[in-house]
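Engineer: Each chain, letter by letter, is given below.
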Amino acid sequence: MSAEKTADLRVNVAGLRMKNPVIAASGTFGFGREYAEYFDLSLLGGISVKGLTLEPRMGNRPPRIAETPAGVLNSVGLQNPGVHRFIEREIPFLRQYDVAVIANASGSTVADYEAIVEILSDADVDCIELNLSCPNVRQGGMTFGSSACGITEVVTAVRKKCRKPLMVKLTPNVTDITEIARASEAAGADSLSLINTVLGMAIDIETRRPVLGNTVGGLSGPAVKPIALRMVWQVARAVAIPVVGMGGISSGSDAVAFMLAGASAVMIGTAGFVDPMVWPRTIGEITEYLDKHGFSGAGKLTGALELW
Amino acid sequence: MSAEKTADLRVNVAGLRMKNPVIAASGTFGFGREYAEYFDLSLLGGISVKGLTLEPRMGNRPPRIAETPAGVLNSVGLQNPGVHRFIEREIPFLRQYDVAVIANASGSTVADYEAIVEILSDADVDCIELNLSCPNVRQGGMTFGSSACGITEVVTAVRKKCRKPLMVKLTPNVTDITEIARASEAAGADSLSLINTVLGMAIDIETRRPVLGNTVGGLSGPAVKPIALRMVWQVARAVAIPVVGMGGISSGSDAVAFMLAGASAVMIGTAGFVDPMVWPRTIGEITEYLDKHGFSGAGKLTGALELW
Amino acid sequence: MHLEQVAGMEWLSPDVIRMVLKSERLVSSAKPGQFLNVRCGDSYRAYLRRPISICDVNRESGTADIVFQVRGAGTELLAGVKPGEFVDVMGPLGNPFKPVQPGGSMVVVGGGIGSFPLLLLLRTMPEVRRKALLGFRSHEAVVLEEAFASNSERLEIATDDGSHGQAGFATNLLERCLEQEKPDCVYVCGPLPMMKAAVGICMHHDVAVQVSMEQRMGCGVGACLVCACKTRDGEGFAYTHVCREGPVFDGREIVFD
Amino acid sequence: MHLEQVAGMEWLSPDVIRMVLKSERLVSSAKPGQFLNVRCGDSYRAYLRRPISICDVNRESGTADIVFQVRGAGTELLAGVKPGEFVDVMGPLGNPFKPVQPGGSMVVVGGGIGSFPLLLLLRTMPEVRRKALLGFRSHEAVVLEEAFASNSERLEIATDDGSHGQAGFATNLLERCLEQEKPDCVYVCGPLPMMKAAVGICMHHDVAVQVSMEQRMGCGVGACLVCACKTRDGEGFAYTHVCREGPVFDGREIVFD
Ligand SMILES: Cc1cc2nc3c(=O)[nH]c(=O)nc-3n(C[C@H](O)[C@H](O)[C@H](O)COP(=O)(O)OP(=O)(O)OC[C@H]3O[C@@H](n4cnc5c(N)ncnc54)[C@H](O)[C@@H]3O)c2cc1C
Ligand SMILES: Cc1cc2nc3c(=O)[nH]c(=O)nc-3n(C[C@H](O)[C@H](O)[C@H](O)COP(=O)(O)OP(=O)(O)OC[C@H]3O[C@@H](n4cnc5c(N)ncnc54)[C@H](O)[C@@H]3O)c2cc1C
Ligand SMILES: Cc1cc2nc3c(=O)[nH]c(=O)nc-3n(C[C@H](O)[C@H](O)[C@H](O)COP(=O)(O)O)c2cc1C
Ligand SMILES: Cc1cc2nc3c(=O)[nH]c(=O)nc-3n(C[C@H](O)[C@H](O)[C@H](O)COP(=O)(O)O)c2cc1C
Ligand code: FES
Ligand code: FES
Numbered sequence: 006m007s008a009e010k011t012a013d014l015r016v017n018v019a020g021l022r023m024k025n026p027v028i029a030a031s032g033t034f035g036f037g038r039e040y041a042e043y044f045d046l047s048l049l050g051g052i053s054v055k056g057l058t059l060e061p062r063m064g065n066r067p068p069r070i071a072e073t074p075a076g077v078l079n080s081v082g083l084q085n086p087g088v089h090r091f092i093e094r095e096i097p098f099l100r101q102y103d104v105a106v107i108a109n110a111s112g113s114t115v116a117d118y119e120a121i122v123e124i125l126s127d128a129d130v131d132c133i134e135l136n137l138s139c140p141n142v143r144q145g146g147m148t149f150g151s152s153a154c155g156i157t158e159v160v161t162a163v164r165k166k167c168r169k170p171l172m173v174k175l176t177p178n179v180t181d182i183t184e185i186a187r188a189s190e191a192a193g194a195d196s197l198s199l200i201n202t203v204l205g206m207a208i209d210i211e212t213r214r215p216v217l218g219n220t221v222g223g224l225s226g227p228a229v230k231p232i233a234l235r236m237v238w239q240v241a242r243a244v245a246i247p248v249v250g251m252g253g254i255s256s257g258s259d260a261v262a263f264m265l266a267g268a269s270a271v272m273i274g275t276a277g278f279v280d281p282m283v284w285p286r287t288i289g290e291i292t293e294y295l296d297k298h299g300f301s302g303a304g305k306l307t308g309a310l311e312l313w
Numbered sequence: 006m007s008a009e010k011t012a013d014l015r016v017n018v019a020g021l022r023m024k025n026p027v028i029a030a031s032g033t034f035g036f037g038r039e040y041a042e043y044f045d046l047s048l049l050g051g052i053s054v055k056g057l058t059l060e061p062r063m064g065n066r067p068p069r070i071a072e073t074p075a076g077v078l079n080s081v082g083l084q085n086p087g088v089h090r091f092i093e094r095e096i097p098f099l100r101q102y103d104v105a106v107i108a109n110a111s112g113s114t115v116a117d118y119e120a121i122v123e124i125l126s127d128a129d130v131d132c133i134e135l136n137l138s139c140p141n142v143r144q145g146g147m148t149f150g151s152s153a154c155g156i157t158e159v160v161t162a163v164r165k166k167c168r169k170p171l172m173v174k175l176t177p178n179v180t181d182i183t184e185i186a187r188a189s190e191a192a193g194a195d196s197l198s199l200i201n202t203v204l205g206m207a208i209d210i211e212t213r214r215p216v217l218g219n220t221v222g223g224l225s226g227p228a229v230k231p232i233a234l235r236m237v238w239q240v241a242r243a244v245a246i247p248v249v250g251m252g253g254i255s256s257g258s259d260a261v262a263f264m265l266a267g268a269s270a271v272m273i274g275t276a277g278f279v280d281p282m283v284w285p286r287t288i289g290e291i292t293e294y295l296d297k298h299g300f301s302g303a304g305k306l307t308g309a310l311e312l313w
Numbered sequence: 035m036h037l038e039q040v041a042g043m044e045w046l047s048p049d050v051i052r053m054v055l056k057s058e059r060l061v062s063s064a065k066p067g068q069f070l071n072v073r074c075g076d077s078y079r080a081y082l083r084r085p086i087s088i089c090d091v092n093r094e095s096g097t098a099d100i101v102f103q104v105r106g107a108g109t110e111l112l113a114g115v116k117p118g119e120f121v122d123v124m125g126p127l128g129n130p131f132k133p134v135q136p137g138g139s140m141v142v143v144g145g146g147i148g149s150f151p152l153l154l155l156l157r158t159m160p161e162v163r164r165k166a167l168l169g170f171r172s173h174e175a176v177v178l179e180e181a182f183a184s185n186s187e188r189l190e191i192a193t194d195d196g197s198h199g200q201a202g203f204a205t206n207l208l209e210r211c212l213e214q215e216k217p218d219c220v221y222v223c224g225p226l227p228m229m230k231a232a233v234g235i236c237m238h239h240d241v242a243v244q245v246s247m248e249q250r251m252g253c254g255v256g257a258c259l260v261c262a263c264k265t266r267d268g269e270g271f272a273y274t275h276v277c278r279e280g281p282v283f284d285g286r287e288i289v290f291d
Numbered sequence: 035m036h037l038e039q040v041a042g043m044e045w046l047s048p049d050v051i052r053m054v055l056k057s058e059r060l061v062s063s064a065k066p067g068q069f070l071n072v073r074c075g076d077s078y079r080a081y082l083r084r085p086i087s088i089c090d091v092n093r094e095s096g097t098a099d100i101v102f103q104v105r106g107a108g109t110e111l112l113a114g115v116k117p118g119e120f121v122d123v124m125g126p127l128g129n130p131f132k133p134v135q136p137g138g139s140m141v142v143v144g145g146g147i148g149s150f151p152l153l154l155l156l157r158t159m160p161e162v163r164r165k166a167l168l169g170f171r172s173h174e175a176v177v178l179e180e181a182f183a184s185n186s187e188r189l190e191i192a193t194d195d196g197s198h199g200q201a202g203f204a205t206n207l208l209e210r211c212l213e214q215e216k217p218d219c220v221y222v223c224g225p226l227p228m229m230k231a232a233v234g235i236c237m238h239h240d241v242a243v244q245v246s247m248e249q250r251m252g253c254g255v256g257a258c259l260v261c262a263c264k265t266r267d268g269e270g271f272a273y274t275h276v277c278r279e280g281p282v283f284d285g286r287e288i289v290f291d
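Respectively, the protein sequence lines represent chains Z, Y, L and F. In this text, residue positions in the first sequence follow my numbering: the first is 6, and each later residue adds one. In this text, residue positions in the second sequence follow my numbering: the first is 6, and each later residue adds one. In this text, residue positions in the third sequence follow my numbering: the first is 35, and each later residue adds one. In this text, residue positions in the fourth sequence follow my numbering: the first is 35, and each later residue adds one.
Calculated from the structure, these hints are not laboratory results. One thing to keep in mind: the hints can contain errors.
As the list claims (entries may be wrong) - Straight-line Cα separation of at most 27 Å, DSSO-like style, residue types lysine-lysine; simulated pairs:
| hint | chain 1 | residue 1 | chain 2 | residue 2 |
| --- | --- | --- | --- | --- |
| 1 | F | Lys132 | F | Lys65 |
| 2 | L | Lys264 | L | Lys56 |
| 3 | Z | Lys169 | Z | Lys24 |
| 4 | F | Lys264 | F | Lys132 |
| 5 | F | Lys216 | L | Lys56 |
| 6 | L | Lys116 | F | Lys116 |
| 7 | L | Lys116 | F | Lys264 |
| 8 | F | Lys230 | F | Lys264 |
| 9 | F | Lys132 | F | Lys216 |
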C-alpha cells in the first residue's frame with residue numbers, strides 16, 4: 006500500500022461533536038484534574054464529569070467499594086460539590102483542554118432535574134447526560150429510570166428546559182431495556198448512553214456483614230461487559246437516535262465490539278482505576294483496528310455487526 | 006476443645022430434604038452420569054437435572070458457549086431428550102445414589118407446564134423446579150418469568166397439578182425481583198431458586214459476528230455472583246418460603262455468603278466446568294466454616310447476615 | 035483433574051508450542067484422537083479449560099505431548115508455563131480414531147493445527163501403510179515435519195502460497211492421492227471448510243473417512259451440551275456433542291453447512 | 035503507572051513479606067506516609083490495585099521497600115512475584131506525615147501492619163528524638179524489630195498475649211509514655227480501634243497527633259470518591275478522601291465511630 010491513510014475518528018453524537026469516540030465515564034474520572042497528571046486530557050473525545058446535583062451531596066457511608074470477580078461494586082452515592090461549584094471551578098479548568106465536556110446530572114424529583122438542566126443549559130458544557138439510573142440514591146434516579154413512565158415524565162419535563170444536546174443514561178436494572186430506550190427517545194432525548202451499573206452486593210463472611218456500608222452497590226468493570234453489549238445491541242436496533250455504549254470496556258477491542266453492536270461512541274470507567282492509560286490507549290487501538298480492516302472512519306463501525 | 010462435634014449439614018427446603026445444602030445446578034450437570042466418573046454422586050445434597058420439556062428438543066445452533074471475563078455465556082436452548090426418556094432412563098440411574106433428584110421443567114405454554122408437572126408428579130423425583138426463566142427459548146420461559154402476571158398464571162395452574170415440592174426458578178432479567186418472587190409465593194410455590202442466567206452477548210471483532218449462533222445467551226459464573234447475591238438477599242427478605250441461591254458460586258466461602266444472605270441451600274453450575282470437584286469440595290468447606298464459627302447446623306447460616 | 039508435571043516446553047514455530055507432560059498415566063491411557071481439557075491457570079481471564087489434542091506419547095521417556103497454537107488468552111497463559119510446573123488436565127477425553135486393520139492402508143489429511151492429533155494416530159499404527167498429507171499457510175507455519183516423515187511411508191506438504199512443498203491445499207493433495215489409490219480409511223483434521231472438502235472427495239471416491247471436529251466447550255465431558263455439532267439424523271439432523279460423541283466422527287455423519 | 039523492578043523478596047514472618055524495588059525514582063520521590071497503588075498482575079481475581087505504604091528507602095542501594103501482609107487474592111498474587119520481575123505501581127501517592135522540627139521529639143505508635151509506614155518516618159527524621167511503640171498480636175507477628183530499634187532512641191513492643199515485650203496494646207504503651215513526657219507529635223497507624231484510642235489519649239494529654247487512615251480504594255488518585263473517611267466539618271461531618279486528602283490526617287479531624 007502507498008500513502009497510508011489513517012481513519013477519521015471524528016464522531017457526532019446528535020450534536021455532541023468529538024474528535025474521537027472515547028469518553029471518560031461519569032463518576033470514574035472526577036472532573037479530570039487527577040488524570041491530567043497522567044496524560045493530556047485533550048487526547049480524549051469527551052469527559053463525562055462526576056454526577057452533579059443542585060446542592061452539594063456528601064454521599065454514602067463507607068466502605069464504598071468492593072472487589073468482585075472481574076468487577077467492582079461501588080456505592081459512592083453521588084457525592085459531589087453541587088452544580089454551582091462545578092460551573093465556577095471545574096468548567097474553567099476543563100476548558101483549558103480541547104475535549105467535549107458532558108455534564109452528568111442527577112436529582113431526586115422532576116423539579117430537581119428541571120432546575121439543574123436549566124442551570125447547565127446556560128453553562129459552557131457540550132452536552133447534558135441525564136443520570137436517571139444511579140442505584141445508590143434511595144428516592145432518586147432509580148424510580149425514574151426503571152420504568153417507562155418515570156422516564157417519560159422526567160425527560161419530557163427536562164426537554165423543555167434543555168438547550169444542549171440531551172443524552173439520557175439508562176440503567177440496566179430493568180426487564181426490557183428497549184422499552185425504556187424508546188420512551189426516552191419519544192420524550193425527546195437526543196441520544197442515549199448505557200449501561201449504568203448493575204445492582205449487586207458483596208458479603209464479608211468473616212464479619213458476616215455486607216462489604217459496602219450501603220449494603221448494595223453498582224457493579225461495573227469487565228464482568229458486566231456481556232450484559233452491556235447485549236443491551237447496547239438491543240437498544241441500537243430499537244431507536245433511531247445515537248447510542249453511547251459502556252460497561253466493562255478496557256481495550257480497543259472492547260470498544261470496537263460496542264460500536265459494532267451499534268454504539269456511536271463509548272465511555273470507559275472502571276478500567277481506568279486499574280490502568281489510567283486505558284483512556285488514551287483505547288483511541289489508538291480503535292485507529293489500528295479501523296486501518297487494519299479498511300474502515301475509513303469510526304462511524305463506519307457503528308452497527309456493522311453481521312448476524313448469523 | 007474436647008469431643009469435636011461436626012455441624013449438622015441437613016436442610017429441609019420446604020419438603021425437599023437433603024443431607025447437605027449443595028445441589029448441582031440444572032443444565033450444567035446433565036443427568037449426573039458424566040460426573041459419576043469423577044466423584045460419588047451420593048456426596049451431594051441434590052442434583053437438578055438438565056431442563057426437561059414434554060417432547061425432545063434439539064437446542065440452538067452452535068456455537069453455544071462464549072467465554073467472558075470471569076463468566077460464560079451459553080445458548081444451549083434446552084436441548085433434552087424429553088420428560089419420558091428422562092423418567093425411563095435417567096431416574097433409575099440417579100436412584101442408585103443417595104441424592105435428592107430435582108426435575109427442572111420447562112415449557113412454551115401454560116398447558117405444557119401443566120402437562121409436564123403432572124407427569125413428573127407421578128415420577129420418582131423429590132422436587133420439581135419450574136424453569137420460567139430460560140432466556141434462550143423464544144416463546145418460552147422468558148415471557149412467563151419476567152412479569153408478575155406471567156408467573157402468577159403459570160404457577161397457579163401448575164400448583165393444582167403438582168404433587169411434589171414445587172420450586173420456582175427466577176430469572177434475574179427483571180426490574181424488581183421481589184415482585185416476581187412474591188407473585189410466585191402467592192401463586193403457590195413451595196420454594197424459590199435463583200438466579201438463572203443474565204442475558205448477555207459476545208462479539209468476535211475479527212469475524213464481526215456474535216460469538217453465539219443464537220446471538221445472545223445467558224451469563225453465568227463468578228461474574229454474576231454480586232448480582233445473584235443481591236437478588237437472593239432481596240428475595241429472602243421479601244418472601245416467607247425458602248430460597249435456594251445460585252449464580253457464580255465456586256467455593257464454600259461463596260456458598261456461605263449466599264446462605265448468610267438468606268439462602269437455605271445453594272446450587273453450583275458453571276464452576277464445575279472448570280473444576281468438577283467444586284461440588285463435593287464445597288460441602289467440606291461449608292462444614293469447616295460452620296465448625297470454625299460455632300454454628301451447630303447449616304440452617305443456622307440462613308439469613309444470619311448483620312446489616313450495618 | 036490430574037496435575038501433570040511439565041517436562042519441557044519448546045516453540046516449534048513463532049506461535050506453536052509443544053508442551054511435554056511427564057505422565058505414565060497419559061502414556062498408558064491416551065489414544066489417538068483423544069484430547070485433554072486443560073486449565074490455563076486460575077486467572078479469570080481464561081476461565082474455561084481449553085481442549086487440546088494429544089499429539090504424541092513416548093513410552094521410553096514416559097511423556098505425552100500436546101502441541102498448540104497461541105491464539106487467545108488461554109493458550110497464551112498456557113504457553114507461559116515453565117518446565118517443572120504442573121498443569122491441571124482432565125482426560126484423555128473423547129472417542130479415539132477407529133484403527134485400520136494391520137496390513138491395511140491409511141491416509142491422514144491435516145490442516146494447520148489440525149494436523150497435531152494425526153501424529154499419534156500414525157505412530158500407533160506402524161503395521162499399516164501410512165501416507166500423510168499436510169497443509170499449512172506458509173513455510174513458517176510448517177511444524178513437526180520430521181515427526182510426520184518418520185511415521186509415514188510418504189509425507190506430502192502443501193502451503194497456500196507455495197513457500198514449502200506444493201502450492202495449494204491439503205485437499206488438493208488428497209484429490210490426487212485418491213485418484214491413484216484407495217486407502218482403507220482417510221483421517222481428516224483441520225479447518226471446517228477443509229474437512230468439508232475432504233469428506234466430499236472421500237465420498238466421491240467411496241473411501242471411508244473419519245474426521246476430528248472442533249467446537250467451543252464447557253464441561254468437556256458431555257454434561258453441558260454446548261459443544262454441538264450437526265450430524266445426520268434420518269432425513270434431518272441432530273446436534274451431537276463433540277466432547278462425548280466425538281471429537282472423532284465418521285465423516286459421512288457430519289452435516290457441514 | 036511505572037514498571038518497577040523487584041530486587042528482592044523476603045518473608046519477615048509467616049505472612050508478611052518485604053518487596054524491594056530497584057527504583058531511583060521512588061528513592062528520590064517517596065515521602066513517609068505516602069503509598070503506592072500496586073497492580074497485582076493481570077488476573078481478574080484481583081482486578082483493583084492494592085494500596086501499600088512505602089516502608090523504607092535506601093539511597094545507597096537505590097531501592098525502596100514495601101512490606102505487606104498476605105491477606106486476600108491480591109497480596110497473595112503479589113507475594114508470588116519473583117526477583118527480577120516487574121511490578122506496575124502508581125505513586126508515590128497521598129500526603130506525607132508532617133515532620134517535627136529538628137531538635138524536637140516524636141513518638142510513633144504502630145499496630146501490626148500499620149507500623150510499616152512509620153519506619154520511613156523515623157528514618158527521615160534523625161535530628162528528632164524518636165520513640166517507637168509497636169503492638170503486635172503475638173511473638174510470631176513481630177517484624178522489623180531491628181529496623182525500628184536502630185531508627186529510634188527507644189523501642190517498646192507490646193503483644194496481645196505477652197509473648198514478646200509487654201502484654202497489652204500499643205495504646206497502653208502510649209498512655210504510659212505520655213504520662214512521662216509530651217512529644218511534639220505522636221504518629222499513629224494501625225487498626226481503627228487502636229487509632230481511635232490513641233487519638234483519644236493524645237487529645238487527653240493535649241499532644242499533637244497524626245494518623246494514617248486506611249480505606250478500600252478504587253482509583254487511588256482522588257477521582258472516584260470511594261475511599262471516604264469521616265472528618266469533622268463544623269458541627270457535623272464530611273466525607274474526605276483517604277487517597278488524596280490523606281492517608282495522613284490530623285488525628286483531631288477524624289470522626290471515629
Ligand atoms: C477436540 C479439540 C482438540 C483440539 N486440539 C488442538 C490442538 O491439538 N492444538 C491446538 O492448537 N488447538 C487445538 N484445538 C483448538 C483449541 O482448543 C483452541 O485453539 C483454544 O481453545 C483457543 O483458546 P485461546 O484461549 O487461545 O483462545 P480464545 O479465543 O481466548 O478462547 C476463548 C474461548 O473460545 C474457545 N475456543 C476458541 N477457539 C476454539 C477452537 N478452535 N476450538 C474450540 N474452542 C475454541 C476457547 O476454548 C475458549 O473457551 C482443539 C479443539 C478441540 C475442540
Ligand atoms: C494508604 C494505605 C496504606 C496501606 N499500607 C499497607 C502496608 O504497608 N502493608 C500492608 O500489609 N497493608 C497495607 N494496607 C492495607 C492493604 O491495602 C490491604 O491489606 C490490601 O489491599 C488487601 O488486599 P488483599 O488482596 O490481600 O485482600 P482482599 O480482601 O482480597 O482485597 C479485596 C479488596 O479490598 C481492599 N482491601 C482489603 N483490605 C483493605 C484494607 N485494610 N485497606 C484498604 N483496602 C483493603 C483491597 O485493596 C481490594 O480492593 C494499606 C492500606 C491503605 C489504604
Ligand atoms: C465509582 C463509580 C462512580 C460512578 N458515578 C457515576 C455517576 O455519578 N453518574 C453516572 O451516571 N454514572 C456513574 N457511574 C457509572 C459509570 O459512569 C458507568 O456507567 C459504569 O461504571 C459502567 O462502565 P465501566 O464498567 O466502564 O465502569 C459510576 C461508576 C463508578 C465505578
Ligand atoms: C450450559 C448451561 C445450561 C443451563 N441450562 C439450564 C436449564 O436447562 N435449566 C435451568 O433452569 N437453568 C439452566 N442453566 C442455569 C443454571 O442452572 C444456573 O441458574 C446459572 O448457570 C447460574 O449458576 P452458576 O453461575 O453456578 O452456573 C444453565 C446454565 C448453563 C451454564
Ligand atoms: S463441552 Fe459440555 S457437553 Fe461437550
Ligand atoms: S480511591 Fe478514588 S478517590 Fe480515593
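Engineer: Hint by hint, note whether the structure agrees.
Structural biologist: To see whether the hints hold, each was checked on the structure:
| no. | hint | result |
| --- | --- | --- |
| 1 | F:Lys132 / F:Lys65 | holds, 10 Å |
| 2 | L:Lys264 / L:Lys56 | violated, 36 Å |
| 3 | Z:Lys169 / Z:Lys24 | holds, 18 Å |
| 4 | F:Lys264 / F:Lys132 | holds, 20 Å |
| 5 | F:Lys216 / L:Lys56 | violated, 67 Å |
| 6 | L:Lys116 / F:Lys116 | holds, 14 Å |
| 7 | L:Lys116 / F:Lys264 | violated, 48 Å |
| 8 | F:Lys230 / F:Lys264 | holds, 13 Å |
| 9 | F:Lys132 / F:Lys216 | holds, 17 Å |
In this structure, the hints that do not hold are numbers 2, 5, 7, in rising order.
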